[in-house]
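From first to last, the protein sequence lines stand for chains A and B. Residues 1 to 251 (our numbering) make up the first sequence, in order. Residues 1001 to 1431 (our numbering) make up the second sequence, in order.
Calculated from the structure, these hints are not laboratory results. Accuracy of the hints is not assured; some may be wrong.
[To be verified] Computed cross-link-like contacts, PhoX-like style, restricted to lysine-lysine with a CA-CA straight-line distance of at most 20 angstroms:
| hint | chain 1 | residue 1 | chain 2 | residue 2 |
| --- | --- | --- | --- | --- |
| 1 | B | K1315 | A | K70 |
| 2 | B | K1079 | A | K70 |
| 3 | A | K70 | B | K1078 |
| 4 | A | K70 | B | K1081 |
Note that this is a predicted model, so its numbers are computed, not measured.
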Amino acid sequence: MPMLVNKSPKLFAIALCFLLSACSSQPSLESTAVTPIIAVPDNPQDLGVLSAYSDPWEGFNRRMYYFNAKADEYVLLPIVTGYKQITPDVVETGLSNFFNNLAEISTFINSLLQFKLSVAGETLGRFAVNTTLGLAGLIDVATPIGLAAQDEDFGQTLGFWGVKAGPYLVLPLLGPSSLRDASGLVFDSLADQQVMDELGMKSEEELYLSLLNSIDVRARLPFRYYGSGSAFEYDYLKLLYKKYREIQVAR
Amino acid sequence: MRILSALLIIMLAACSSKQDKVVVIKPVCDLAYSPYQATVTGYCQEVAAELPKSLDIINKSITIKPLDEISEVFWFNKKMKYSLIKQEASAPLIFIIAGTGASYDSVKMLSLQKSFFQQGYHVISLSSPTFANFIVNSPNTQYMPGDLAHDAEYLYQVMNLVWAQVQAQDEVEASSFALTGYSLGGAHSAFIALLDEEKQAFNFEKVLLINPPVSLYNSVSILDKYFDLRDNRQAAVAMFDDIFSRFSTVYSAQRSSKFDQGSIFSLFKNVALTEAELKLLIGASFRISSSDMIFAIDVSFNTGAITYKNHTIGKLESLTHSLQRASNITFGDYFDRAMLPRAQREDANTTKADLIERYSLHAIEDYLIASDKIYLVTNQDDIILQAGEVEYLQAIFTDRAKIFPRGGHCGNLDRLSFVEHLQTIFQGGLN
Chain A
1 MPMLVNKSPK LFAIALCFLL SACSSQPSLE STAVTPIIAV PDNPQDLGVL SAYSDPWEGF
61 NRRMYYFNAK ADEYVLLPIV TGYKQITPDV VETGLSNFFN NLAEISTFIN SLLQFKLSVA
121 GETLGRFAVN TTLGLAGLID VATPIGLAAQ DEDFGQTLGF WGVKAGPYLV LPLLGPSSLR
181 DASGLVFDSL ADQQVMDELG MKSEEELYLS LLNSIDVRAR LPFRYYGSGS AFEYDYLKLL
241 YKKYREIQVA R
Chain B
1001 MRILSALLII MLAACSSKQD KVVVIKPVCD LAYSPYQATV TGYCQEVAAE LPKSLDIINK
1061 SITIKPLDEI SEVFWFNKKM KYSLIKQEAS APLIFIIAGT GASYDSVKML SLQKSFFQQG
1121 YHVISLSSPT FANFIVNSPN TQYMPGDLAH DAEYLYQVMN LVWAQVQAQD EVEASSFALT
1181 GYSLGGAHSA FIALLDEEKQ AFNFEKVLLI NPPVSLYNSV SILDKYFDLR DNRQAAVAMF
1241 DDIFSRFSTV YSAQRSSKFD QGSIFSLFKN VALTEAELKL LIGASFRISS SDMIFAIDVS
1301 FNTGAITYKN HTIGKLESLT HSLQRASNIT FGDYFDRAML PRAQREDANT TKADLIERYS
1361 LHAIEDYLIA SDKIYLVTNQ DDIILQAGEV EYLQAIFTDR AKIFPRGGHC GNLDRLSFVE
1421 HLQTIFQGGL N
């Protein structure tokens, strides 16, 4: 039995790799197709950021990107629009603040794990002030008094400890990530789960709360798939995500 | 600066920020002024105009070309997109045309929409004929975008269709028509005004060219040099990486991980980009626009520059190779290798010089001198103008020209003196 337990992550990893590499994104060319006039630069280094990040799971990622764009259009955005219509602005802001306040716990843990004591202190201060004076986090009183919001997640913690980002990975519904950041996400959501358990919530209530949280997160994201109108949006976003996470980890 | 705004969106998004609702526009920044800085971050040294905080924008789309003729790779671009902002009652209507590679809802378009709505206009915003959504929906399969007179014909067709649609669907009543556009859209406006004299569908009362190029070729030659990937690739790439790493260092030192308008200015201030670096960012942004444009043209016209000719691109197919190929061509190449051969197919005697002349305001100079309704506003230090071109514009438009001393290229569209000047020009239209 222990053997099996030890082996199953490996099996899972193999299955995942198979899944990820199963769909190819390379063009299947017609017999009449003509090679493009303009060549790809010989030396990949000459491309700078354009070739800085390989994308071994591109086939899977592009498929998922397409799925996400459709899911966003037909499922998520209509829900968000409905939510915004039926919820008064005050309530929306209150809920946003509430979820942000809960997220401070994971920021706090992650800043401790990176020995960022000032960040941890500030976050703890925010949490204390907002939870008490801010009525369980519904009002953000910490920002106006100069306690700045921080942002640390387990992906960054892993990065801090030298874990490489790994291949780019587009997650279903959640969008751009990497192997490392996706693993981090699992840890952070386990932490959130723990908090909700501590609050003594029933699993049903937890489900509603996380649903509401997801809607709130999407409502606050100004991003729209293909809002750029560019056919290269997938590539641009990959680049920006990778760069942005590098910057965050270096921070 | 699409790459920058894209970057900002990602940052705002990833920081789960609350600021996207209340963007506080700091009226005055303390960045060191240069025309390049003004082009990148806006002429933020001048006070911003009081404009409406938000607008009720109706996002619309119209079928112009049969949808099955549009490639699957552009599945998200089926139908041409545009927007309408409506006054309560009958009012004058203005069409705004976006600049090179820009969409109807770009940041600069938003500033102009606010200004004209505030002045009592219905506002219809159209993407540039160099924007992918326009290219793949345009019925045009013959002329390359950038060919100003032909672009004007297709824009005019689109304007007629769109006008019919908003009358039918949104009950818009227009008392008169006006037309404007910034950058390349400014040059388009001039050619459309001329076309309208003949077709008379709108009989524009006023036409305003905002920071237009005098010569398309001259302007793109300037921008091509800012990010010189052909002759100076390694240095350009290294500089780009350096800018990124400095932004990241400064961001790391910042106390909060959050972003708002104020912290963006302070970020730029602390990074202290040199003139060459600002130029590089402008050039890079231009390259991104032209890559998108060239790809869309390839798909629509089957030209095979950066894609496989005679190949139908699937919607899940990797386009990375095309993006990498696109970095290997300049707009100058596009002119020499795509626009010129096309024009020569029509008339073998056409020379490059003819074409440069044709794609410039020189081609319709007599009309611009004679027509009272056409106004011009630009900046003395607009970076897309070559030496002597500001003087040329002044000479052509005389007292219908307003030339601000500062602002770079379109850096002052939301600044006080610019918006006040728009009011001076357009208040006559409201009587």
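Here's how the hints hold up against the structure:
1. Annotation: proposed proximity of B:K1315 to A:K70 holds, straight-line Cα distance about 13 angstroms (limit 20 angstroms).
2. Taking the CA atoms of B:K1079 and A:K70, the gap is near 17 angstroms; set against the 20 angstroms cutoff, the hint holds.
3. Between the alpha carbons of A:K70 and B:K1078 the distance comes to roughly 14 angstroms, so the proposed pair stays at or under 20 angstroms and holds.
4. With a C-alpha separation of about 18 angstroms, the suggested pairing of A:K70 with B:K1081 holds against the 20 angstroms cut-off.
When each numbered hint is compared with the structure, no violation occurs for any of them.
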